[in-house]
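Taken in order, these protein sequences are the chains called V and R. Sequential numbering of the first sequence, starting at 1, is according to the working numbering. Sequential numbering of the second sequence, starting at 1, is according to the working numbering.
Check before you lean on any hint, since a few could be wrong.
Which chain V residues face chain R? A few, computed with CB under 7 Å, are given here [unchecked claim]:
| no. | residue |
| --- | --- |
| 1 | Met178 |
| 2 | Glu181 |
| 3 | Gly233 |
| 4 | Glu269 |
| 5 | Leu548 |
| 6 | Leu568 |
| 7 | Lys572 |
| 8 | Glu641 |
Not everything, but these chain V residues come out facing chain R in the computed CB check (under 7 Å) [what the hints assert, rightly or not]:
| no. | residue |
| --- | --- |
| 9 | Gly11 |
| 10 | Lys14 |
| 11 | Val15 |
| 12 | Pro28 |
| 13 | Asp29 |
| 14 | Ala30 |
| 15 | Arg267 |
| 16 | Gly569 |
| 17 | Pro633 |
| 18 | Val634 |
| 19 | Met635 |
| 20 | Gly642 |
| 21 | Met668 |
| 22 | Leu679 |
| 23 | Pro680 |
Honestly, the hints are just simulated from the structure, not real lab data. Predicted model only: the values in this text are computed from it and were never measured. Virtual Cβ for every residue (Gly too), placed ideally from N, Cα, C.
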Amino acid sequence: MIGASSIRKEGRAKVLGTACYTADKVVPDALHGVTVRSQVPRGTLTGIVYGPGIPWEEMVIVTAADIPGTNRVASVVDDQPFLVGIGEEITHAEQPVLLLAHPDRNLVEKARRAVRLEVAERPAVLDLQSALDLTQVIYGRDNLLKEIHISKGDPGPVWAQAASVIEATYRTGAQEHMYLEPNAMVASVTRDGEALQVTVWGSLQCPYYVHSALGQLFGQPGENVRVVAMEMGGGFGGKEDYPSLNAGHAALLAYKSGRPVKLVYDREEDLACTTKRHPSRTRIRCGFDAQGLLLALEVDFVLDGGAYATLSPVVLSRGAIHSAGVYRCPHVRIHARAVATNTPPPGAFRGFGAPQSLFALERHMDVCAGKLGLDPVELRRRNFLVLGDTTATGQVIREEPDLGGIMDRALAEIGYSGKRRAFAETNRSEDPVKRGVGFSVFLHGCGFTGSGETHMASVAGVEGLEDGTVSVLAAATEMGQGKNTVFAQIVAGALELPEEMVGVAEADTRFVPNSGPTVASRSTMVVGRILEDAAAGFRLALIQQGFLATPYTASDFSAAVRAARARLGSIKCYGQYRPDPDVVWDDRTYQGDAYPGFSWACYAAEVAVDTVTYEVEVVDFVAVQEVGRVVNPVMAAGQIEGGVAQGIGWGLWEEVVTRQGRMVNNQMTNYIIPTAVDLPPIRTFFLELGGPGGPGGAKGLGELPMDGPAPALINALQGALGDLRLDEIPMTPDRLLNRCEEATHA
Amino acid sequence: MPESIQLTLTVNGRERTVLAHPLARLLDVIREQLELAGTKEGCGEGECGACAVLLDGRVVNSCLVPASQAQGADLVTVEGLARPGALSPVQAAFLEHNAAQCGFCTPGMLVSATDLLNRCPNPRDGEVRAGLAGNLCRCTGYVKIVDAVLSAAAAVEAGQ
Chain V
1 MIGASSIRKE GRAKVLGTAC YTADKVVPDA LHGVTVRSQV PRGTLTGIVY
51 GPGIPWEEMV IVTAADIPGT NRVASVVDDQ PFLVGIGEEI THAEQPVLLL
101 AHPDRNLVEK ARRAVRLEVA ERPAVLDLQS ALDLTQVIYG RDNLLKEIHI
151 SKGDPGPVWA QAASVIEATY RTGAQEHMYL EPNAMVASVT RDGEALQVTV
201 WGSLQCPYYV HSALGQLFGQ PGENVRVVAM EMGGGFGGKE DYPSLNAGHA
251 ALLAYKSGRP VKLVYDREED LACTTKRHPS RTRIRCGFDA QGLLLALEVD
301 FVLDGGAYAT LSPVVLSRGA IHSAGVYRCP HVRIHARAVA TNTPPPGAFR
351 GFGAPQSLFA LERHMDVCAG KLGLDPVELR RRNFLVLGDT TATGQVIREE
401 PDLGGIMDRA LAEIGYSGKR RAFAETNRSE DPVKRGVGFS VFLHGCGFTG
451 SGETHMASVA GVEGLEDGTV SVLAAATEMG QGKNTVFAQI VAGALELPEE
501 MVGVAEADTR FVPNSGPTVA SRSTMVVGRI LEDAAAGFRL ALIQQGFLAT
551 PYTASDFSAA VRAARARLGS IKCYGQYRPD PDVVWDDRTY QGDAYPGFSW
601 ACYAAEVAVD TVTYEVEVVD FVAVQEVGRV VNPVMAAGQI EGGVAQGIGW
651 GLWEEVVTRQ GRMVNNQMTN YIIPTAVDLP PIRTFFLELG GPGGPGGAKG
701 LGELPMDGPA PALINALQGA LGDLRLDEIP MTPDRLLNRC EEATHA
Chain R
1 MPESIQLTLT VNGRERTVLA HPLARLLDVI REQLELAGTK EGCGEGECGA
51 CAVLLDGRVV NSCLVPASQA QGADLVTVEG LARPGALSPV QAAFLEHNAA
101 QCGFCTPGML VSATDLLNRC PNPRDGEVRA GLAGNLCRCT GYVKIVDAVL
151 SAAAAVEAGQ
């Protein structure tokens, strides 16, 4: 039932160690695949040399020339090749050029190292600023993967009238998803005359993305392609777009060899080659009147999109829309650009552009409060969006977000006022440990941006099984977030059945409809809503056709399902996404309802900084949010806690170090994610004020917790250390030391 | 170097003999020759703890142990934690508290937690965190994992 903390459906298999992840799949006669990569960031591939000491005649070798269909990964823009061919352009240093497979895993690895690529190198563009400066033109005419303008009112005349105009620039670094399970695929390709049957089992979030990518790669109709999502060891967006590429690689090797192929990345390859969170630079200008009311806001938001468009256009869109945050402002200009560089393309990552722009804004609000001589609490309170206000895209806020109430709860939980006073005192002492509290207030749009859901027109369903139970049919994948359990709760609720009578079918494109990708905090709110409809239809059909009478017991229902199956064979009922006529969006002008709803939150952090080592300890963390009705409170809290941990890592420790466009700290040893001793108990509170939305009033929550931690922590650091140029994350000890020295010398 | 070596060891209470590559890692022998896929590879360099097993009663990262060192040893993997017909207290607590999300760190986490409670039956929050510091989790923020281990300790104490 909605609201119960039901036990995870696949939890028992997970604690017994029997859950089957892709690399665990037993595949008799499988070959092991590897990928030969470009190693240089830019140039033309002129030759491939197969070095000595390898029995090349035993190796399965796939080059671009072997591709039967189109050598382009199906995505927002089809610009990325699966493999670079001779005479074609290399655009980043981890670009796949050649695939090898052999039964002996050690030998195929040795062979990978024996391949030498001949490349006519050219100067590369390796960072966002060089791309903007057009030091080299590497993409289109202007190095722009996507550009967006959002406009409301006219800030132009306001700057001269404003009592204060405050401007600053903020930067955020790349971030690795670090799902515990590295990317893995198993593929098999069989032939029936001209037709191929392409099957891939993998660690992937979006079976139908991979399905369409494989169809295009092999030039085969959809019915000849099958994609199965195995148990997945975490995703966080890292297995949203990337799997189209490595699934294609595994399938190409299977196609060439006629044998099944396992393509499992080790951690170093996974870190070096797969997607990351987009690095960003945000310039913000705010104009305030004498009372601290926000009169005008100008944002220049730039993402480093890497060598291909991948999902950058949509990441940029979400980042741009969120850049105005939770504040009322009559005059707004947002200019957003994703630029191309010769680096491995970043992609989807929990938050999808919003964490970057919200970091900048929520940090800037504290900077502005300092300059205006106001408490950050008071400055925000004066400017919060309320019922009836419009956002930067002109979306009317139709539910009272009660941001003041959310903020007050978080501040009360962390003891904000008392600690601020106490720390102001203690920080003056000789003690090298300085303490601070800080917070952020933010929103996250639920579901796809703009008309995404309408275009997607997702379908999901329920099926009655032979044993009288019910199965949920959806392409949504389980990556730990709890979709199996939550879907079963929603359907059991709609059918008035005990949860154990509802199972969830494997996300296998042969058996489940396209309910859309497992992204954008949409599964519960959007797919859950479709499932409610499907379940209602299923129940009604059983009643109308005389199999079931109300009221009924669980065993009555089972008997009805068995009887219906006996008479009709298969019994299924589908539902489809129904666009809300009140939600209107114009992709051309970027005006209208950017999201069907928003989740709202205030996160507060207490930090202690050792001014000898510049290490930052997170002493306490409070996460207060309004995500509508919480379907499964324990799992929802788990999502928030995990997201906060990831946000703390991004804000303080996680740094992708690159040289010549390649990640050089591509190991768990030197890319630091939080351990159990690095984190405080994260305290999570749900206010459940929300109105409409998904099933029972549920809204999205998976990505929300990524948005708030970084600005809250950096604002807390300002509280501990005073005015420093704290405008960049991760705020590692090195960076913090530099900023303190800079302030001392100024 | 010989083509393969013969290894005899006790695996989850049963004596097993397998042939393995002389330089194989214990992790590979567990997953391939012993066909116990519950033990996971997350990093291959002893950082993440997903491959943790008990070797002669001590937690080791099986990706760092040459299989030849397990000759004659007593090996316990995640598959060996449950009692016949019942989850172990730590497994039951992980299930109850939603301490397994994606589940990939779970086998190693359960092994480390089992070892921790063997050594320290009544740990405090900080001791649990220190005891699991060699096991990385990216899903939970560790809150539910710590809750589960504390609750398992209480359950054992109460004789459940």
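Taking the hints in turn, this is what the structure says about them:
Below 7 Å, beta-carbon pairs count as interface contacts, and V:Met178 has one with chain R at about 5 Å; its hint therefore holds. The interface hint given for V:Glu181 holds, since its Cβ lies 4 Å from the closest Cβ of chain R, which is under the 7 Å cut-off. Interface restraint check for V:Gly233: the shortest CB-CB distance to chain R comes to about 3 Å, inside 7 Å, so the restraint holds. Annotation: V:Glu269 was flagged as interfacial toward chain R, and the flag is violated, the nearest CB pair being 11 Å apart, outside 7 Å.
Interface hint status for V:Leu548: violated, as the beta-carbon distance to the closest one in chain R is roughly 33 Å, over 7 Å. Contact between V:Leu568 and chain R, as hinted, is not supported at the beta carbon level, the nearest pair being about 37 Å apart and thus beyond 7 Å. Taking 7 Å as the C-beta cut-off, the interface hint given for V:Lys572 is violated, the closest approach to chain R being about 29 Å. For the restraint placing V:Glu641 at the interface with chain R, the shortest Cβ-Cβ distance is roughly 4 Å, inside the 7 Å limit, so the hint holds.
Using the Cβ-Cβ criterion of 7 Å, the hint placing V:Gly11 at the interface with chain R is satisfied: the shortest such distance is roughly 5 Å. A hinted interface residue such as V:Lys14 counts as satisfied when its beta carbon comes closer than 7 Å to some beta carbon of chain R; here the least separation is about 3 Å, so the hint holds. For V:Val15, the interface hint holds, since its Cβ comes within 7 Å of a Cβ in chain R; the closest pair sits about 4 Å apart. This hint is violated: V:Pro28 has a C-beta 13 Å from the nearest C-beta of chain R, more than the 7 Å allowed.
Using the Cβ-Cβ criterion of 7 Å, the hint placing V:Asp29 at the interface with chain R is not satisfied: the shortest such distance is roughly 14 Å. Taking 7 Å as the C-beta contact cut-off toward chain R, the hint placing V:Ala30 at the interface is violated, the least distance being around 12 Å. Taking 7 Å as the C-beta cut-off, the interface hint given for V:Arg267 holds, the closest approach to chain R being about 4 Å. For the restraint placing V:Gly569 at the interface with chain R, the shortest Cβ-Cβ distance is roughly 36 Å, beyond the 7 Å limit, so the hint is violated.
Evaluation of the V:Pro633 hint against chain R yields a violated restraint, the C-beta minimum of about 10 Å exceeding 7 Å. A least Cβ separation of about 5 Å between V:Val634 and chain R falls short of the 7 Å threshold, and the interface hint therefore holds. Look at V:Met635: its Cβ gets to within about 6 Å of chain R, closer than 7 Å, so that hint holds up. Taken as an interface hint, V:Gly642 checks out: its beta carbon lies about 5 Å from the nearest beta carbon of chain R, inside 7 Å.
The interface hint given for V:Met668 holds, since its Cβ lies 4 Å from the closest Cβ of chain R, which is under the 7 Å cut-off. Here the hint on V:Leu679 is kept, as its CB sits about 6 Å from the closest CB of chain R, short of 7 Å. Evaluation of the V:Pro680 hint against chain R yields a violated restraint, the C-beta minimum of about 10 Å exceeding 7 Å.
Hints 4, 5, 6, 7, 12, 13, 14, 16, 17, 23, counting from the list given before, are not met by this structure.
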